[in-house]
Structure formats: structure tokens, C-alpha cells
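Asker: Here is how the chains run, residue by residue.
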Amino acid sequence: MNVRVTLPTENRSDTTEKFVASHSPKIAVEGLSFYYGKVRALEDISILIPARQVTAFIGPSGCGKSTFLRTLNRMNDIIPDIRVEGSVLIDGRDIYEDSSDVVELRRRVGMVFQKSNPFPKSVFDNVAYGLRINGMVDTRSELEDRVEASLKAAALWQEVSNRLHESALSLSGGQQQRLCIARALAVEPDILLMDEPASALDPIATQRIEELIHQLKDRYTIVIVTHNMQQAARVSDSTAVFWLGSLIEYDRTENIFTTPSEKITEDYVTGRFG
Amino acid sequence: MNRFLSVRTIIDWLVAVSGVLVTVASLGVLAVLLVDVAQDGLGRLSWQFLSSFPSRRAESAGIFAALIGSLYVIVLTALIAIPLGVGTAIYLQEYGRRSRWSRLIEINIANLAGVPSIIYGLLGLALFVRAMGFGRSVLAGAATLSLLVLPVVILSTREALRAVPSSLREGSYALGATKWQTIWNQVLPVALPGMLTGIILALSRAVGETAPLIMIGALTYVPFAPDGVLSPFTVLPIQIFNWVSRPQAEFVRNSAAGIIVLMTVLLAMNGIAVWIRDRAQARSRM
Numbered sequence: 001m002n003v004r005v006t007l008p009t010e011n012r013s014d015t016t017e018k019f020v021a022s023h024s025p026k027i028a029v030e031g032l033s034f035y036y037g038k039v040r041a042l043e044d045i046s047i048l049i050p051a052r053q054v055t056a057f058i059g060p061s062g063c064g065k066s067t068f069l070r071t072l073n074r075m076n077d078i079i080p081d082i083r084v085e086g087s088v089l090i091d092g093r094d095i096y097e098d099s100s101d102v103v104e105l106r107r108r109v110g111m112v113f114q115k116s117n118p119f120p121k122s123v124f125d126n127v128a129y130g131l132r133i134n135g136m137v138d139t140r141s142e143l144e145d146r147v148e149a150s151l152k153a154a155a156l157w158q159e160v161s162n163r164l165h166e167s168a169l170s171l172s173g174g175q176q177q178r179l180c181i182a183r184a185l186a187v188e189p190d191i192l193l194m195d196e197p198a199s200a201l202d203p204i205a206t207q208r209i210e211e212l213i214h215q216l217k218d219r220y221t222i223v224i225v226t227h228n229m230q231q232a233a234r235v236s237d238s239t240a241v242f243w244l245g246s247l248i249e250y251d252r253t254e255n256i257f258t259t260p261s262e263k264i265t266e267d268y269v270t271g272r273f274g
Numbered sequence: 275m276n277r278f279l280s281v282r283t284i285i286d287w288l289v290a291v292s293g294v295l296v297t298v299a300s301l302g303v304l305a306v307l308l309v310d311v312a313q314d315g316l317g318r319l320s321w322q323f324l325s326s327f328p329s330r331r332a333e334s335a336g337i338f339a340a341l342i343g344s345l346y347v348i349v350l351t352a353l354i355a356i357p358l359g360v361g362t363a364i365y366l367q368e369y370g371r372r373s374r375w376s377r378l379i380e381i382n383i384a385n386l387a388g389v390p391s392i393i394y395g396l397l398g399l400a401l402f403v404r405a406m407g408f409g410r411s412v413l414a415g416a417a418t419l420s421l422l423v424l425p426v427v428i429l430s431t432r433e434a435l436r437a438v439p440s441s442l443r444e445g446s447y448a449l450g451a452t453k454w455q456t457i458w459n460q461v462l463p464v465a466l467p468g469m470l471t472g473i474i475l476a477l478s479r480a481v482g483e484t485a486p487l488i489m490i491g492a493l494t495y496v497p498f499a500p501d502g503v504l505s506p507f508t509v510l511p512i513q514i515f516n517w518v519s520r521p522q523a524e525f526v527r528n529s530a531a532g533i534i535v536l537m538t539v540l541l542a543m544n545g546i547a548v549w550i551r552d553r554a555q556a557r558s559r560m
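Protein chains in written order, with my numbering: chain A, 1 to 274; chain B, 275 to 560.
Treat the hints loosely; a few may be bogus.
[Stated by the list, open to error] Here are the simulated lysine to aspartate or glutamate pairs, EDC-like style, with alpha carbons at most 16 Å apart: (1) B:Lys453 to B:Glu368; (2) A:Lys115 to A:Asp202; (3) A:Lys217 to A:Asp237; (4) B:Lys453 to A:Glu30; (5) A:Lys152 to A:Glu188; (6) A:Lys115 to A:Asp195; (7) B:Lys453 to A:Asp77; (8) A:Lys152 to A:Asp202; (9) A:Lys115 to B:Glu444; (10) A:Lys38 to A:Glu85; (11) B:Lys453 to A:Glu104; (12) A:Lys217 to A:Glu188.
Treat the hints as calculated values from the structure; they're not laboratory data.
Bound-form chain B, shown alone (with noise of 0.2 Å):
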């Protein structure tokens, strides 16, 4: 063996290495805080948290309003969110025609999903729960995050197209197939898996929300489910930053428990989109 080779070698062997560290460091970090907030929190988690309303007295208070309220919000969000989003990036990735008016939409829409969430608060405030007049509501929340998520749905739905080998379109334009004969039969089908897996991160980051929603005025004590879509609400990112913001030890041990609640939410939802997403994958494997 000459020498060069052995260097490539090392240089190769190096790499897998500090692969292998990195992706340990960031799985630690993770293990780390798994295990901080089952510490604290596990011994908590009961069917009476679960099913409670928050109270004044630690050891009464429940998380019931906020799972509710969090799931009303995710929801509403998707309904509102991938219609518009999906919709949207099929105009631009399939119909609109590539021009500098195009191109700054683009931009446009890449630079909006860089805007801090608060922003979105503001203009939720403005625009739903003041000039639409839907008031604190569930409704004004799905709507404000569903323009912070839009333009993550819109750019992954947009790449997932992109992703679609132009052959497909041909061989389907080439039996007299229209453009929205091509695009549901046979792009859509093909794109499904890569448009769910940003659909499902996007949704996965407006659960997680708080900011926007404290903005628009969700509220922190909530003693009831929503019950309509006019209705106020919590979620649980509020309600566990309500918690750990008391000086009661009963209380922080309080927001553990909602912190496992609002990720066995995310995974929940992760494992649905999942399951879809290899659905799909098999039958347009087909």
C-alpha cells in the first residue's frame, strides 16, 4: 500500500469517528433531559392530572384544559394550514410560470418562515382577534399559527414535487393526460410521503408554540375545555410555562408532567405521520 492511500484511509476512518461522537453528543444532551423531567415529573403523571382542571392547590391541578386545548388548536391549524399550503405550492411548483414576479414570491415565502413567532402573535392580534372579531378564540390561535406554519408546508410541499422524476409527467402528458389529471394521478401520489413528513414537522413546531398564542391571548388559568371554536383556551406549552413560573416545588413537578404529556403528544402525532408516510411510500412503490 502506498502512502496516499493510508492517508485517505485515516482521513475516511477520522470522519466515522467523529460521526459517531457528534451524533452521541446530541443524543446525550437529549438522554440528559428525558431523564431530568421523568425524574421530576413520571411521579406525577396520573389519570387524575390528566383528566383535572388547573387549581391553586399543586397536588388538585390537572392538565385537562391544556391537552384538550392543544389538540383543538393542532387540528383546527391542519385544516386550515394544508389546504392553503399544499394548494398554494401546487400553483407555484406545477402552474405558475418561472418569471421575476415568481421568483420574488419565492423569496418571499422562504423569508417568512424565518420570521420570529411573536410576529405572527402581532398579527394574529391585529387580524383575527380584532379586525376578523374572533376574539381570544381557539379559532384566532389555529389561524395565527397557521400562518407561521404555512410557509414550511408551502416549501417542503414545493420540494416534495420538485422531487418527482419529470419522465412520470412526461408519460402521463404523453397519453393525453391534462396538468391536473398528471398532478393528482400520478405526481401527488409520488410526492405524498416527502409533503407529509414537512406537514407533520411544521404541525409538530406549532404545537410547541407558545409565544404567538400568549400573544394573541391565550389564556394562562383555563377551569374548562374549549367547547367551540369561538371558545378561549390554553395549551400546553402555556400551561407548563404557568407552572414552572410559581416558586412552589409542587408546581415545577407539575410542569415535568406536562412536559412528558406535550411530548408523548409530538410523538403521537410523529408516529401517525409515520405510519402514513409508509403507507403511501408502499403503495406508490407499487
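Next comes chain A alone, as it looks inside the complex (with noise of 0.2 Å):
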């Protein structure tokens, strides 16, 4: 199980290696363990995430995908007592080094919750925020539109368009989970980290998010952890498969769902366990 898998797998096919050759890495990580206190969640990942694309993480529960998917914006570290071996480079830079800014590392890279979590305030102010406290606006006026960009680049604008002042808290789940990812997409990031985010909502509000996804991946890397095997099917270009804090196999999506080479990932694939 010791496999160190980067992207992608050996000379699967043709495709695989057009698709190595024509995405350069945006995030490159290189022997990353984690440790909960004494307990080792993750064991030495190595994975290349090509930039523009979505990239799914799958795998049972408990496996270390979404503890994986925080370290990349080093969310972990708010949690007291861990540790993180190995390094994280994004644009070629190590985030874990002494001087990396992670103030500045998670305006780079968004990050979308499992349950949505938008602030009590207006639909309006929870946009806002990231522009406000990152000083990225000078005037109401730019305030207002970059507010309106982001909504419309979340597919949210037409619905809340006459209601921006009314509690985030009032809008459906399926909106609150939209108005968060255009709170995550005000702040400009490069690279969007979605924590499963559909998982709380509804198969129609479900289709709207995968909707965005796909609208999205033009301009951000996004990577996404789910636990519904169909969805990282639909959404994703390639898919890694994690198994006790392992990466066990990484590849092209539709390698990954036909032609897996672990027993594992077929197993899990085809929902004989997880």
C-alpha cells in the first residue's frame, strides 16, 4: 500500500500522459505526513494538482481526505497539538516554510465548508468581508460591483439581487452554500478547496453547485473531497482515492471509475464497501 503515487500513474494511456504534459502543477506536494498530537492521520502523500482543473478526493470516512484538503490552506493549523511533515509547494513556493504568510495563503486559496456557514449578517456584508478586512476596495461604489461580481459568479445574483440587505441567514441552504462560495470568490482567489460542499443539500440545490463547478474550473483550481462517488464522476478531471490516511491511487477520472488499477479503488468505486 506503500505506493508513492504522484500525478499521473504509470503509462496508463495516451491520454493520461496529453493530459500530465498540457497542466502544469499548481500545487505540488511532496512526502506530506500529519499527526493529530501522537495519532499520524496521513502518511506520506505525494500528489501534483494541475492548475484549472477540478481534482476530486474520494474515499471512506476517516480516511484523511478532508484533513489532506486543510492542509493545503493550512486551516489545521488552528487546531492545537499537530504536526506536518513534508512540504506543500503552491506556484513552486512551500506554505509550511517559516516565512510564508498564511494570512495571505488562505486569501490564495478559498476554501468552502461541509456545512455552509455564512456569517448572521446581510447577504451583502458576508460578501463584503473578505474585500473589507483584505483592504481590496477604495470606494462603496467598487465595493458594490466587485459584491455583484462575485454573487453573479456564483450563480446566486439573480436571487438575491433585490434582497442583498436582507440576514444571509433567511436564504435557503442551497443559496447560503452559493453566497459562500461567492464570499470565497470575492477575495480573488487562485485555487478554490471544497470541503463536501453538497453534501447538507438537496439533489436539485446539489445540481446547481456541480453546475457552478464546471463554470468555475475556467478559472480556478478547485479541488473538491466528496463522499458521493457519482458526483466526483460528474464534476472532476481527475480523482485521488485515499485509504487509511494514504493515497492509494490517483488518476484521469474515467481511469479511476473504469479501469482502476488498485483492488481497493474498484472495490470502493463500485460500493462494495465505504
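Please assemble the complex out of the two chains, which come individually in their own frames, going by the hints.
Answerer: Structure representation (C-alpha cells):
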């Protein structure tokens, strides 16, 4: 199980090779291990994540996929007693080196959480918050333009344009999650991390999120954790399979779902466990 | 219906009934107290009573000096205790690392909340009145009461901060907010109602305190209102205690009227707190 896997795996097909050649890696992880106290949650993970593509992380609960996602914007830093080994390079710079600015990192690497977490403020203020704290706008009209653009990018503008100053908590679950995406897009990240963004939503709201992911991948590098195999198959270009804290297989999504090279992957994607 | 179901239904009913009984009992005691005080004191309440200084003759004595003294002391206490307590709580809860050292501090703060108030009076006498040379002043009294209420302010503020869901903090951090931006913009507005509740309870306790102020030498006969933070002073509970210990029935009526004034002050403070809290809550529900 201790196979070192980087993108892509062995020469599987022409498509795989073309795929690598045509997409430079945005994120390069090398030998990453992660510890909660003395418990090792991630073991020696190496992976190259291509720019402007959707990469899905799948695997059974507790396999470490969410933990790994949160190492990519150092969200785990706020948990006490954690330790990280190895390196995570984004655009060639190690985000864990001492000189790395975690606040700036998190602006560039946006995150959408499993449970939508709008701030208890108005719709407008939710989106404006990131712009304000990062000092990204000078005038009120500029702020309004950026908020509108972000809401449009998250395919939410039509539904909320006449209720911008109502509470964000009065929106439906799916709208709240798209608001959280709009909020993340407002600060102009390059990368968007999504931790099971649709797991609490109904099928229609889920579909809207998936359509949105399709639209966004032209501009953003998207990494999505999902429990839903069909979702991974629908939205992602490549898929990484995690099992017991290790990355056991990483390949183009169609290969993972049609001709997986690992037995565990095959069992998992066909629903034999997990 | 089976027997089990009927037994648990009866238990349910019993709990509800006993709940009503204990509520009535405690409210009843309070009602008796209020009625008794009102009977004795209401007749004595008048503008003359509120605006006069203490006197040897009960009918011309008033509560003015003590009322102003109490207001002075409580405002000053709030100004000292709230920044110190809230700042400490924010540091301990948001910045302090979990360590044996921080647990030790926590336990000590909790213990301080249980220290008898007269001990704080002794500390205030030695520290503020003597060592720091405040004298028997409003400032020394307020500083002493601040020490007394600080643990409660710290503990309740921490509790309110802890109740803020971590998803809110994560959402803010994920947008590139610094720790302080997150605390100031997201955590404090949500925690504010809970913080205010604790702070007001603490200040209400301070308004009613007598022992530590007697200890630091608040006077029982003050024929003037304090004119600055270094002025001598008295407060409502001390004035009430002074009157109630006199043998003449007229002075006892004065003390009942004084109690009504004190309770009105407390009620007003709580009312203002509830009002501020509701406004803050309405805004944080936005």
C-alpha cells in the first residue's frame, strides 16, 4: 500500500500523458505526513494537482481526505497539537516554510465548508467582508461592483439581487452554500478547496453547485472532497483515492471509474464498501 | 396503553407539577419581601427623601449622598472591570495556548470568584487606600469592587466566547482574516449578548456590596455628594445598614425606602442590559 503516487500513475494511456503535459501543476505535495498529537492521520502523501482543473478526493470516512484538503490552506493550524512533515508547494513556494504568510495564503486558497457557514450578517456584508478585511476596495461603488460580480460568479445574483440587505441566514440551504462560494470568490483566490460542499443539500441544489463547479474551473483550480462517487465522476477531471491516511491511487477520473489499478479503488468505486 | 407508558406519563406530570411548585415557592418569598418593604417604605418615598442628605432627624434625612455615591462607584467599577475582564477573557480564550500554566490560571480565576467579599475589602484597604494612596475615596471603592467582580466578568465572557461556533471562525480565517479581524468582526458581535448578561450580573452584585466598602472606609455619615474620584463617599447599602441599626422606628422606615431606591437602581441596570442585549441579538441575527 505504500506506493508513491504522483500525477499521473504509470503510463496508462496516451490520454494520461497528454493530460500531464498540457496542465502544469498548481499544487505539488511531497512526502506529506500529518499528526494530530501522536496519531498519524496522513502518511507520506505526494501528489501533483493541475491548474484550472477539478480534482476530486474520494475515500471512506476517516481516510484523511478532509484533513489533507485542510493542509492545503493551513486550516489545520488552528487546531492545537498538530504536526506537519513534508512540503506543500503552491506555485513553487512551500506554504509551510517559516516565511510563508498564512493570512495571504488563505486569501489565495479559498475554502468552502461542508456545512454552509454564512456570517450572521446581511447577504451583502457576507460577500463584502473578505474585500474589506483584505483592504481590496477603496470606494463604496467599487465594493458594490465586486460584490455583484462575485454573486454573479456564484450564480446567486438573480435570486438575491433584491434582498442584499436581508440576513444571509434567511436564504435556503443551497443559496447559503452558493453565498459561501461567492464570499470565497470575492477575494480573488486562485484555488478553491471544497469540503463536501453539497453533502447537506437536496439533489436540485446539489446539481446547481455542480454546474457552478463546471463554470468555475475555467478560472480556478478546484479541489473537492466528496463522499458521493457519482459526483466525483460528474465534476472532476482527476480523482485521488484515499484509504487509511494514504493516497492509494491517483489518475484521470475516467480511469479511476473504469479501469482502476488498485483492488481497493475498484471495491470502493463499485460500492462494495465505504 | 401499556403500564410502562402510563408510569412515564405520571413521572412527566410529576416533574411538571413540582417545577411549578418550586417556582411559586421562590417567587412567593420574593413577593413577601417586596410587599413588606413596600408597606414600610413607600410612604416615606418622596422627592425630599431622594434629594436630602442624611440627618439626625429621621423625617428630614434623605438618600441623596448614597444614591450619587452608588452611581459614581458603579460607573467607575464598570470602566475599570469591563476592559480588564473582557481583555483577559479574550486573551485566555482566543490567544492563550492550552497548557498546564493556562489551566492553573483558569482554576485560580474560578477560585477567586468564590472568595468572600470582605477579603477583597482587606486587599483594597492595603493596596488602594494605603499603598497607592487613593485614600478612602470613590476610586479606592471602585477599584476594590472591580477586583471583586473581575473573576465573574472573565468567566462569563470566556463562556460567551466559547459558545461562538468554530465554523464562524473558520469561515473568517478562510477568507484571509487575521486573528484579531476574526475576533473583532465575527466572534465579538455574536458573543456580545452573552457577555453583557454576565457583566450586568457582576455589576449588580457590586451595587449591593457592603462589606468590602466598609472595610476600605466608606463613611456611614456623608452630608455631601462625591465631587470627584478622590472624594469620600457612601453607598446605598451602607446607608440602609446605618438606618436599620438605629432604634427609632422612623429610621427603619427610611431604610425600607432606601431598599426600594436600591432595588430600582438594580432594576434599571438590568433593564438597560436587557435592552442592549436584545438590540445586539437582533443585529447578530441579521
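Asker: Hints first: check each against the structure and report whether it holds.
Answerer: Status of the hints after comparison with the structure:
1. Restraint check for Lys453 of chain B and Glu368 of chain B: satisfied, since their Cα atoms lie roughly 8 Å apart, inside the 16 Å limit.
2. Simply put, Lys115 of chain A and Asp202 of chain A have alpha-carbon atoms about 13 Å apart, close enough for the 16 Å limit, and the pair holds.
3. Of the supplied pair hints, the one linking Lys217 of chain A and Asp237 of chain A holds, its CA atoms being roughly 10 Å apart against a limit of 16 Å.
4. A hinted pair counts as satisfied when its Cα atoms are at most 16 Å apart, and Lys453 of chain B with Glu30 of chain A does not qualify at roughly 29 Å.
5. Using a Cα cut-off of 16 Å, the hinted pair Lys152 of chain A and Glu188 of chain A holds, with the two alpha carbons roughly 14 Å apart.
6. With a C-alpha separation of about 9 Å, the suggested pairing of Lys115 of chain A with Asp195 of chain A holds against the 16 Å cut-off.
7. Using a Cα cut-off of 16 Å, the hinted pair Lys453 of chain B and Asp77 of chain A holds, with the two alpha carbons roughly 12 Å apart.
8. Distance check on the hinted pair: Lys152 of chain A and Asp202 of chain A sit about 22 Å apart at the alpha-carbon level, beyond 16 Å; violated.
9. A hinted pair counts as satisfied when its Cα atoms are at most 16 Å apart, and Lys115 of chain A with Glu444 of chain B qualifies at roughly 11 Å.
10. As the CA atoms of Lys38 of chain A and Glu85 of chain A are separated by approximately 13 Å, the hinted pair is consistent with the 16 Å bound.
11. With a C-alpha separation of about 13 Å, the suggested pairing of Lys453 of chain B with Glu104 of chain A holds against the 16 Å cut-off.
12. Taking the CA atoms of Lys217 of chain A and Glu188 of chain A, the gap is about 14 Å. The hint holds against a cut of 16 Å.
Against the hints set out earlier in the document, violations occur for numbers 4 and 8.
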